[in-house]
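These protein sequences, in sequence, are chains A and B. Each residue of the first sequence is one higher than the one before, counting from 8 in my numbering. Each residue of the second sequence is one higher than the one before, counting from 2 in my numbering.
If you're looking for bench data, these hints aren't it; they were derived computationally from the structure. In this text the structure is predicted, and so the values were computed from the model without any measurement. Virtual Cβ for every residue (Gly too), placed ideally from N, Cα, C. Do not take every clue at face value.
[As the list claims (entries may be wrong)] Non-contacting residues of chain A with respect to chain B, defined by C-beta distances greater than 12 Å in every case (computed):
#	residue
1	Thr26
2	Gly79
3	Arg86
4	Ser120
5	Asp188
6	Glu189
7	Ser216
[Claimed, not checked] What the simulated footprint calls covered on chain B by chain A, stretch by stretch (three residues with Cβ under 8 Å from a Cβ of chain A suffice, anywhere in the stretch; the number is not a length):
#	segment
8	192 to 203
9	215 to 221
[To be verified] Some chain B residues close to chain A (C-beta under 8 Å, calculated; not the full set):
#	residue
10	Pro54
11	Gly304
12	Arg305
Given next are the chains, with one letter for each unit.
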Amino acid sequence: MSGAAPVVALHAVEKVFETAEARTTALSGIDLEIHGGEFVSLIGPSGCGKSTLLRIIGDLTGPTGGTVEVNGKPAARARRDRDYGMVFQAPVLFDWRSIQANVELPLEITGLSGNERRERAARMLDLVELGDFGRHHPWQLSGGMQQRAAIARALALEPRLLLMDEPFGALDEMTRERMNDELLRIWERTRTTIVFVTHSIPEAVFLSSRVVVMSARPGRITDVIEVDLERPRTEASRETERYFELVTTVRESLRAGHGPAPLDPVDAEATA
Amino acid sequence: MTVASTSIGRRTPIGAGTTIGIGRAVRSVVAFVAVVALLGVVWELAKWIGGVPWREIAGMPLDPPHDPPFRVTQLSDINLPHTWNVIGAFFEPATRRSEFSLGAVLFDAAIFTWRGAAIGFVLGAVVGLGLAVVFVHSRLLERALVPYVIASQTVPIIALAPMVVLWVGRDWPSVAIISAYLTFFPVTIAGIRGLQSPDPRALELMRSYAANRRTVLWKVRLPAAVPYLFTALKISATASIVGAIVAEAPTGIQGGLGRAIIQFNQQYITGPEKLWATVIACAALGIAFFVIVRLAEMLVMRGRQQPGDA
Chain A
8 MSGAAPVVAL
18 HAVEKVFETA
28 EARTTALSGI
38 DLEIHGGEFV
48 SLIGPSGCGK
58 STLLRIIGDL
68 TGPTGGTVEV
78 NGKPAARARR
88 DRDYGMVFQA
98 PVLFDWRSIQ
108 ANVELPLEIT
118 GLSGNERRER
128 AARMLDLVEL
138 GDFGRHHPWQ
148 LSGGMQQRAA
158 IARALALEPR
168 LLLMDEPFGA
178 LDEMTRERMN
188 DELLRIWERT
198 RTTIVFVTHS
208 IPEAVFLSSR
218 VVVMSARPGR
228 ITDVIEVDLE
238 RPRTEASRET
248 ERYFELVTTV
258 RESLRAGHGP
268 APLDPVDAEA
278 TA
Chain B
2 MTVASTSIGR
12 RTPIGAGTTI
22 GIGRAVRSVV
32 AFVAVVALLG
42 VVWELAKWIG
52 GVPWREIAGM
62 PLDPPHDPPF
72 RVTQLSDINL
82 PHTWNVIGAF
92 FEPATRRSEF
102 SLGAVLFDAA
112 IFTWRGAAIG
122 FVLGAVVGLG
132 LAVVFVHSRL
142 LERALVPYVI
152 ASQTVPIIAL
162 APMVVLWVGR
172 DWPSVAIISA
182 YLTFFPVTIA
192 GIRGLQSPDP
202 RALELMRSYA
212 ANRRTVLWKV
222 RLPAAVPYLF
232 TALKISATAS
242 IVGAIVAEAP
252 TGIQGGLGRA
262 IIQFNQQYIT
272 GPEKLWATVI
282 ACAALGIAFF
292 VIVRLAEMLV
302 MRGRQQPGDA
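Here chain A stands alone, though its shape is the one from the complex (with noise of 0.2 Å):
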């Protein structure tokens, strides 16, 4: 891991959010880098910050304190350069496109060629499975293939990194469960750094090499547990006694670190 360049690096960052009538510390003193193909999820109960920090990385919000670096550059010069790919909890597919066309709108804006644009979103499609459903129209496919197609879009731009902010949440526990074979199945494809802010404990588990654990008020990382799985990872891999022995110990960090685990489904935090 050493040599190159952390994909993500942060220092000592800090976000303080200011109102009028209050001061709220969403985040103090993170320290963390992300390497090359790593798959790093961040974890933590409503309120800990975890999208924000996210949305730090991806420079659409900026820090308070602390430095932010990605791909060995600025946060902000990296946005600029589309260094990432975001992909959100709901899919945010434009329903006047088609699901092609939808593929094609980070292409359109870098400037890409029309035949270029339409042979990288068709692999893209591809890769996640929708090769059939181009032409459709994202109000005709289910929450599973939306999202889908947002990754597909996300990794359009074949980035070095991919920021995941709770993408599987809005979805059943089968399709989640689905989706995250798909998700390594991509991420082992294409060798993509990606970062991923989950609820879910299993998923964590999982999916990741490594688990940053957070807690809240003020948001700080207390634990990061190295997932040591086998890969690849397969439906197998979830009856393991290793995998149950990290979720166990995912869970007591958590616990450790904030009370009782989050049971919400919905993590209502801010993120305003």
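Fit chain B to the known structure of chain A by using the hints.
Just chain B, lined up with the frame of chain A:
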């Protein structure tokens, strides 16, 4: 409707959308005709009960004449002419010395009025959308100018029309300007809402692509505003016709429906059905313009999810 909109079939969405659109259009036309027919029946029924004696029905002599049990002034042949007389008036000469039928004269007048209204409509829509785009990008200008935009609509058009005619002249450009004045307002208000309607995450997504404001406007804000804009444009289509007629009527602009209203109003005692026919022509023009905008909406919106289709 056998088209299962939620299924993920291989059917092209465009075909599915159009089928639903045509089915709906046919049904709304049938419903419209039925309501008009019903209105006609109620109209004649009222005259049968409270009008003046009937000597004929649609040109067929009635022997003996029917004497309604009540007499209500409002239902007399002057106040409320028989439906067949109103329809018949379209085919009779417009005036005693005219070689053209009233229908032909009103058709020409409607085309004249529509030209002014349509030019005003386009002008108003462009100005209205332009203002909305400016307001969405500048909180300062929005706060400073929106009150004036709202105040502009409190000035009665009937007071404004003669002044515009004085400045611009006694022809269709005046009509267009007054129509634009009525058209722009709904477009601006709906435009602001529509341009602000995208999900905040959609805007963040564009930020992650390092997209500039113009790209966000073209790729996200404007397409998202389209349904809002069409709602406003449908209101504006009928408002622009009303504006055009109101602009023509008191200012003596020749050739349009406004002039026809003034003329047949003066001749009401000798031919009440002519003014009624003119009213129908005005309504038909408004409906026709509305339908044109609605068809454009269906064309532009095809493929998007229609409310209630899912």
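For a quick check of understanding: which of the numbered hints are violated here, in increasing order?
Violated hints: 3, 10; rest satisfied.
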